[in-house]
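*Asks:* Here are the chains, one letter per residue:
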Amino acid sequence: MDERIFSIWVYLAQTPLLWLTATIAIYRVMVEISRRLGSPPLLNPVLLAIITIVTILMATDTPYATYFDGAQFVHFLLGPATVALAIPLYESERALRRIFWPALAGLLIGSATGIAAAVLIGRLAGLSNVTLRSLAPKSITTPIAMGIAEQLGGLPSLTAVIVIVTGMVGALFGWELLGLMGVRDDSERGFALGLASHGLGTARSLQFSSEAGALAGLAMGLNGAMTSLLAPFLARWLGL
Amino acid sequence: MIDALLGLLFFQLIGEVLSRGLNLPIPGPVVGMLLLFTVLRWRGGPPAQLSATAHGVLSHLPLLFVPAGVGVMVHLPVLAREGGPLLAAIIASTVVTLIVTGLTVHWLRRGK
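As they're listed, the protein sequences go chains A and B. Under the working numbering, the residue at position 80 of the first sequence is numbered 80, and the numbers go up by one with no gaps. Under the working numbering, the residue at position 55 of the second sequence is numbered 55, and the numbers go up by one with no gaps.
These aren't lab readings, by the way, just hints derived from the structure by calculation. Everything numeric in this text was worked out from a predicted model, so none of it was measured. Please note that the accuracy of each hint is not assured.
[Said to hold, decoys possible] Chain B is faced by these chain A residues, among others (derived, beta-carbon under 10 Å):
| hint | residue |
| --- | --- |
| 1 | ILE26 |
| 2 | ILE33 |
| 3 | LEU37 |
| 4 | GLY38 |
| 5 | PRO40 |
| 6 | LEU78 |
| 7 | ALA84 |
| 8 | LEU89 |
| 9 | GLY110 |
| 10 | VAL130 |
| 11 | LEU135 |
| 12 | LEU177 |
| 13 | ALA196 |
| 14 | SER210 |
| 15 | GLY239 |
[Said to hold, decoys possible] Distance windows between CB atoms, simulated:
| hint | chain 1 | residue 1 | chain 2 | residue 2 | range |
| --- | --- | --- | --- | --- | --- |
| 16 | A | ALA13 | B | GLY111 | 51 to 61 Å |
| 17 | A | THR21 | B | GLY56 | 12 to 22 Å |
| 18 | B | GLY111 | A | ILE33 | 37 to 47 Å |
| 19 | B | LEU22 | A | ARG94 | 23 to 33 Å |
| 20 | B | ARG41 | A | PHE76 | 21 to 31 Å |
| 21 | B | VAL39 | A | GLU3 | 54 to 64 Å |
| 22 | B | VAL74 | A | THR21 | 20 to 30 Å |
| 23 | A | LEU12 | B | ILE2 | 20 to 30 Å |
| 24 | B | GLY83 | A | PHE76 | 39 to 49 Å |
| 25 | A | ARG36 | B | GLN49 | 28 to 38 Å |
| 26 | B | PRO77 | A | ALA13 | 21 to 31 Å |
| 27 | B | LEU22 | A | LEU37 | 45 to 55 Å |
| 28 | A | GLU150 | B | GLY84 | 19 to 29 Å |
| 29 | B | HIS60 | A | GLN151 | 25 to 35 Å |
Cβ atoms here follow ideal geometry from the backbone N, Cα and C, with glycine treated the same way.
Please model the complete structure; the sequences and the hints are all you need to start from.
*Replies:* See the structure below:
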């Protein structure tokens, strides 16, 4: 009997099916748990799912590469999901028109601030240069950030983790923080949240209004482009 | 559903081709988003099916970050060494970026 279970495990552990199903199922359970507890910000379903999956992988001695063989199908959807942001963007076109020029200035200043603040504060905190190079593109969406980190000579997979944490920090209290600073307009808040914490900031903004979510999605996309333009110059200028 | 999914993939594909072909700094999916946005404006809105699929995919956006986040397990040694300062730097710089961006947009709009 034990042997039979073992052979089933050996089979399953090598197909994409197991870890694909596990990723979606565990996330689904965490959303439900978080919702039943009143969605406290620290019990973020993404964070809970990551901790649970890492624990299972380590307990079963499963390498990340094996896990990713299955989970890549979920990861892949980041691309189509980014394209899908065109729909809320279209639906919020009026809001976009209202803040077009201020948003463009906010993009340039915010993007440069994101890179410079990460490198300077990181250096102050005593991080190594490789970690700083992985940290520089932290505000933007995972696939672009990983590409930039590679270009700068950082560790792309460390960047992926840093990007997720950045997204969670923004989603955790970004909306409230902006409110405290006197920024109360949905489209302004969404724009800042999407710029500073990409898709997770966008997902959080979508919870408040579709207008906030649309501008967050736009800011996320634009900052991805702006950071790819600025990062190489800023990194050199900051001595990386 | 299948038409909507095909539409999203199609625009991503065109976006990737343009982004790489013209050596744009803007990533393929973002080019795809801007193209689809342009088509929606020209067409006067998305078909109901595309709208439903897009909102469906976006309502589960956080799930899509889980696989990359699990990559943390590869970096546990780095994190054991630099995790504390790294987390502090991430939090502080995210707060600075949020405030600077939010206030820039806010003040420029009030200034008018």
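*Asks:* If a hint holds in the structure, say so; if it does not, say that too.
*Replies:* Hints, verified against the model:
1. ILE26: 8 Å, holds
2. ILE33: Not OK, violated: ILE33/A not within 10 Å of chain B, min 14 Å.
3. LEU37: At 17 Å from the nearest chain B Cβ, LEU37/A fails the 10 Å test, so the hint is violated.
4. GLY38: With a minimum Cβ separation of about 17 Å from chain B (threshold 10 Å), the hint on GLY38/A is violated.
5. PRO40: 15 Å, violated
6. LEU78: Because about 5 Å separates LEU78/A from the closest Cβ in chain B, which is inside the 10 Å limit, the hint holds.
7. ALA84: 4 Å, holds
8. LEU89: At about 5 Å, which falls below the 10 Å cut-off, the nearest Cβ of chain B leaves the hint on LEU89/A intact, so it holds.
9. GLY110: 3 Å, holds
10. VAL130: 9 Å, holds
11. LEU135: Since chain B brings a Cβ to about 7 Å from LEU135/A, closer than 10 Å, the hint holds.
12. LEU177: OK, holds: LEU177/A within 10 Å of chain B, min 6 Å.
13. ALA196: 4 Å, holds
14. SER210: 9 Å, holds
15. GLY239: 16 Å, violated
16. ALA13/A with GLY111/B: 51 to 61 Å: Hint holds: Cβ distance 60 Å, inside 51 to 61 Å.
17. THR21/A with GLY56/B: 12 to 22 Å: 19 Å, holds
18. GLY111/B with ILE33/A: 37 to 47 Å: Given a distance of about 46 Å, which is inside 37 to 47 Å, the answer is holds.
19. LEU22/B with ARG94/A: 23 to 33 Å: 31 Å, holds
20. ARG41/B with PHE76/A: 21 to 31 Å: With Cβ atoms ~28 Å apart, the hint holds.
21. VAL39/B with GLU3/A: 54 to 64 Å: 58 Å, holds
22. VAL74/B with THR21/A: 20 to 30 Å: Cβ of VAL74/B to Cβ of THR21/A: about 22 Å, so the range 20 to 30 Å holds.
23. LEU12/A with ILE2/B: 20 to 30 Å: Holds, since LEU12/A and ILE2/B (Cβ atoms, about 29 Å apart) stay within the stated range.
24. GLY83/B with PHE76/A: 39 to 49 Å: 29 Å, violated
25. ARG36/A with GLN49/B: 28 to 38 Å: With a Cβ separation near 33 Å, ARG36/A and GLN49/B satisfy 28 to 38 Å, so the hint holds.
26. PRO77/B with ALA13/A: 21 to 31 Å: The hinted range 21 to 31 Å holds for PRO77/B and ALA13/A, with Cβ atoms some 24 Å apart.
27. LEU22/B with LEU37/A: 45 to 55 Å: Because 48 Å falls inside the window, the suggested range holds.
28. GLU150/A with GLY84/B: 19 to 29 Å: Given about 26 Å between the Cβ atoms, the range holds.
29. HIS60/B with GLN151/A: 25 to 35 Å: 30 Å, holds
The structure does not agree with the numbered hints 2, 3, 4, 5, 15 and 24 stated previously, though it agrees with the rest.
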